[in-house]
Amino acid sequence: EAGVAQSPRYKIIEKRQSVAFWCNPISGHATLYWYQQILGQGPKLLIQFQNNGVVDDSQLPKDRFSAERLKGVDSTLKIQPAKLEDSAVYLCASSRIAGGPANEQFFGPGTRLTVL
Amino acid sequence: QQQVKQSPQSLIVQKGGISIINCAYENTAFDYFPWYQQFPGKGPALLIAIRPDVSEKKEGRFTISFNKSAKQFSLHIMDSQPGDSATYFCAATMEDNTDKLIFGTGTRLQVFP
Numbered sequence: 006e007a008g009v010a011q012s013p014r015y016k017i018i019e020k021r022q023s024v025a026f027w028c029n030p031i032s033g034h035a036t037l038y039w040y041q042q043i044l045g046q047g048p049k050l051l052i053q054f055q056n057n058g059v060v061d062d063s064q065l066p067k068d069r070f071s072a073e074r075l076k077g078v079d080s081t082l083k084i085q086p087a088k089l090e091d092s093a094v095y096l097c098a099s100s101r102i103a104g105g106p107a108n109e110q111f112f113g114p115g116t117r118l119t120v121l
Numbered sequence: 134q135q136q137v138k139q140s141p142q143s144l145i146v147q148k149g150g151i152s153i154i155n156c157a158y159e160n161t162a163f164d165y166f167p168w169y170q171q172f173p174g175k176g177p178a179l180l181i182a183i184r185p186d187v188s189e190k191k192e193g194r195f196t197i198s199f200n201k202s203a204k205q206f207s208l209h210i211m212d213s214q215p216g217d218s219a220t221y222f223c224a225a226t227m228e229d230n231t232d233k234l235i236f237g238t239g240t241r242l243q244v245f246p
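Chains as they are written, first to last, in the working numbering: chain A, 6 to 121; chain B, 134 to 246.
Next comes chain A alone, as it looks inside the complex (with noise of 0.2 Å):
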């Protein structure tokens, strides 16, 4: 089975420039999430689709950040305008089924961004 597909791999821009993420999740699995990792911290949710509705978008700066999943399959996930603090890993991960017990996510290799 094909993992959780990511790009880029990484990404340099100037901050106040506009960049995007592409995931595609594992095949049949109906929850996506992204997590920003900041080098030093764990990873962090950002936002989480059931098929293609957001179950939680607590933690995603809107001001900036926006995300969708057409259809329930591939998602993008953009910033705009980026800033310095905004240099991390951006993991994608996806699940069979939302919440219940032991619902293992599995994760993507990650969007290395870096912001001059």
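The set of hints was computed from the structure by calculation and includes no laboratory data. Just so it is clear, the structure is predicted and the values come from calculations on it, not from any experiment. Please note: incorrect hints may appear among the correct ones.
[Stated by the list, open to error] Here chain B is said to cover these stretches of chain A; the calculated rule only asks that three of the stretch's residues, wherever they fall, bring their Cβ under 8 Å from a Cβ of chain B:
| no. | region |
| --- | --- |
| 1 | 19-33 |
| 2 | 50-60 |
| 3 | 72-78 |
[As the list claims (entries may be wrong)] DSS-like cross-link-like pairs, simulated, lysine-lysine; straight-line CA separation at most 27 Å:
| no. | chain 1 | residue 1 | chain 2 | residue 2 |
| --- | --- | --- | --- | --- |
| 4 | A | K16 | B | K175 |
| 5 | B | K175 | A | K20 |
| 6 | B | K148 | B | K191 |
| 7 | B | K175 | A | K88 |
| 8 | B | K190 | B | K148 |
| 9 | A | K20 | A | K49 |
| 10 | A | K67 | A | K49 |
| 11 | B | K175 | A | K49 |
| 12 | A | K49 | B | K201 |
| 13 | B | K148 | B | K204 |
| 14 | A | K49 | B | K138 |
| 15 | B | K233 | B | K201 |
| 16 | B | K191 | B | K201 |
| 17 | B | K201 | B | K190 |
| 18 | B | K233 | B | K190 |
| 19 | A | K83 | B | K190 |
| 20 | B | K233 | A | K76 |
| 21 | B | K148 | A | K49 |
| 22 | B | K148 | B | K175 |
| 23 | B | K201 | B | K138 |
| 24 | A | K49 | B | K204 |
| 25 | A | K67 | A | K83 |
| 26 | A | K67 | A | K20 |
| 27 | B | K190 | B | K138 |
| 28 | A | K49 | A | K83 |
| 29 | B | K233 | A | K83 |
| 30 | A | K67 | A | K88 |
| 31 | B | K191 | B | K138 |
| 32 | B | K148 | A | K67 |
| 33 | B | K191 | B | K175 |
[Unchecked claim] Here are the simulated distance ranges between beta carbons:
| no. | chain 1 | residue 1 | chain 2 | residue 2 | range |
| --- | --- | --- | --- | --- | --- |
| 34 | B | P173 | A | D61 | 39 to 45 Å |
| 35 | B | G193 | A | K20 | 43 to 49 Å |
| 36 | B | K190 | A | V60 | 40 to 46 Å |
| 37 | A | E90 | B | K190 | 34 to 40 Å |
| 38 | A | P13 | B | R184 | 34 to 40 Å |
Using N, Cα and C, we set each Cβ at its ideal position, and we do this for glycine too.
Given chain A's structure and the hints, the job is docking chain B onto it.
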């Protein structure tokens, strides 16, 4: 109260030694404690997990010890190998909704031959 504190930040162990990583939590509603292993350039992968109804869980060379009264849990890697070199994250969540993972800050483990 949502934090999970993890230590040490980094750990160097000789091949064959025991690696020990500790985590502490405050939210008593947490009842599911997974550990993740992350290799450079890869996303975290679930390694082993424990529920608070047991004090220990072992899978191969990896053991989680859980102390409910102290609200602490730890990962022990026996007979550590160079291939175990990675960053390890503890996490905590509620078993009926494991979407809400609260991660520790991570421990970078290096195992030298």
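Hints and how they fare:
Given a C-beta distance limit of less than 8 Å, the hint that chain B covers the region 19-33 of chain A is violated, as 0 residues qualify and 3 are needed. Counting residues of the region 50-60 of chain A whose C-beta lies closer than 8 Å to any C-beta of chain B gives 3; at least three are required, and the coverage claim holds. For the region 72-78 of chain A, the stated coverage by chain B is violated: 0 residues have a C-beta nearer than 8 Å to a C-beta of that chain, whereas at least 3 were required. For the proposed pair A:K16 and B:K175, the alpha carbon gap of about 16 Å is at most 27 Å, so the pair holds.
A threshold of 27 Å between alpha carbons decides the hint, and for B:K175 with A:K20 the separation of about 26 Å falls inside it, so the pair holds. Restraint check for B:K148 and B:K191: the C-alpha separation of about 20 Å stays at or below 27 Å, so the hint holds. Of the pairs offered as hints, the one joining B:K175 and A:K88 holds, with about 25 Å between alpha carbons and a cut-off of 27 Å not exceeded. Annotation: proposed proximity of B:K190 to B:K148 holds, straight-line Cα distance about 23 Å (limit 27 Å).
Of the supplied pair hints, the one linking A:K20 and A:K49 holds, its CA atoms being roughly 22 Å apart against a limit of 27 Å. Using a Cα cut-off of 27 Å, the hinted pair A:K67 and A:K49 holds, with the two alpha carbons roughly 15 Å apart. Taken as a hint, the B:K175 and A:K49 pair is honoured in the structure, with Cα atoms around 16 Å apart against an allowance of 27 Å. Between the alpha carbons of A:K49 and B:K201 the distance comes to roughly 25 Å, so the proposed pair stays at or under 27 Å and holds.
Restraint check for B:K148 and B:K204: not satisfied, since their Cα atoms lie roughly 30 Å apart, outside the 27 Å limit. Proposed proximity of A:K49 and B:K138 is supported: the alpha carbons are some 14 Å apart, at most 27 Å. The straight-line distance between the Cα atoms of B:K233 and B:K201 is roughly 20 Å, inside the 27 Å bound, and the hint therefore holds. With a C-alpha separation of about 17 Å, the suggested pairing of B:K191 with B:K201 holds against the 27 Å cut-off.
Between the alpha carbons of B:K201 and B:K190 the distance comes to roughly 14 Å, so the proposed pair stays at or under 27 Å and holds. For the suggested pair B:K233 and B:K190, the alpha carbons sit about 22 Å apart, so the restraint of at most 27 Å is met. Distance restraint check for A:K83 and B:K190: the Cα-Cα separation of roughly 40 Å exceeds the 27 Å cut-off, and the hinted pair is therefore not satisfied. The hinted pair formed by B:K233 and A:K76 meets the criterion: a straight-line CA distance of about 24 Å does not exceed 27 Å.
The suggested pairing of B:K148 with A:K49 is violated, with an alpha-carbon distance near 32 Å, which exceeds 27 Å. For the suggested pair B:K148 and B:K175, the alpha carbons sit about 23 Å apart, so the restraint of at most 27 Å is met. Taking the CA atoms of B:K201 and B:K138, the gap is about 15 Å. The hint holds against a cut of 27 Å. Using a Cα cut-off of 27 Å, the hinted pair A:K49 and B:K204 holds, with the two alpha carbons roughly 22 Å apart.
Among the hinted pairs, A:K67 with A:K83 is consistent with the structure: their alpha-carbon atoms are about 10 Å apart, no more than 27 Å. Of the pairs offered as hints, the one joining A:K67 and A:K20 holds, with about 17 Å between alpha carbons and a cut-off of 27 Å not exceeded. About 20 Å separates the Cα atoms of B:K190 and B:K138, which keeps this hinted pair within 27 Å; it holds. Of the pairs offered as hints, the one joining A:K49 and A:K83 holds, with about 16 Å between alpha carbons and a cut-off of 27 Å not exceeded.
A distance of roughly 22 Å separates the Cα atoms of B:K233 and A:K83; the hinted pair therefore holds under the 27 Å criterion. Note on A:K67 and A:K88: the hinted pairing holds, with a Cα-Cα distance of about 13 Å set against a maximum of 27 Å. A hinted pair counts as satisfied when its Cα atoms are at most 27 Å apart, and B:K191 with B:K138 qualifies at roughly 22 Å. The straight-line distance between the Cα atoms of B:K148 and A:K67 is roughly 47 Å, outside the 27 Å bound, and the hint therefore fails.
Proposed proximity of B:K191 and B:K175 is supported: the alpha carbons are some 25 Å apart, at most 27 Å. A hinted range of 39 to 45 Å for the beta carbons of B:P173 and A:D61 is inconsistent with their spacing of about 29 Å. At roughly 46 Å, the beta-carbon separation of B:G193 and A:K20 lies within the given 43 to 49 Å, and the hint holds. A beta carbon spacing of about 29 Å between B:K190 and A:V60 contradicts the range 40 to 46 Å that was offered as a hint.
Against the hinted window of 34 to 40 Å, the Cβ-Cβ separation of A:E90 and B:K190 comes to about 38 Å, which satisfies the hint. Under the hint 34 to 40 Å, the C-beta atoms of A:P13 and B:R184, about 38 Å apart, fit the expected range.
When held up to the earlier numbered hints, the structure conflicts with 1, 3, 13, 19, 21, 32, 34 and 36 and fits the remainder.
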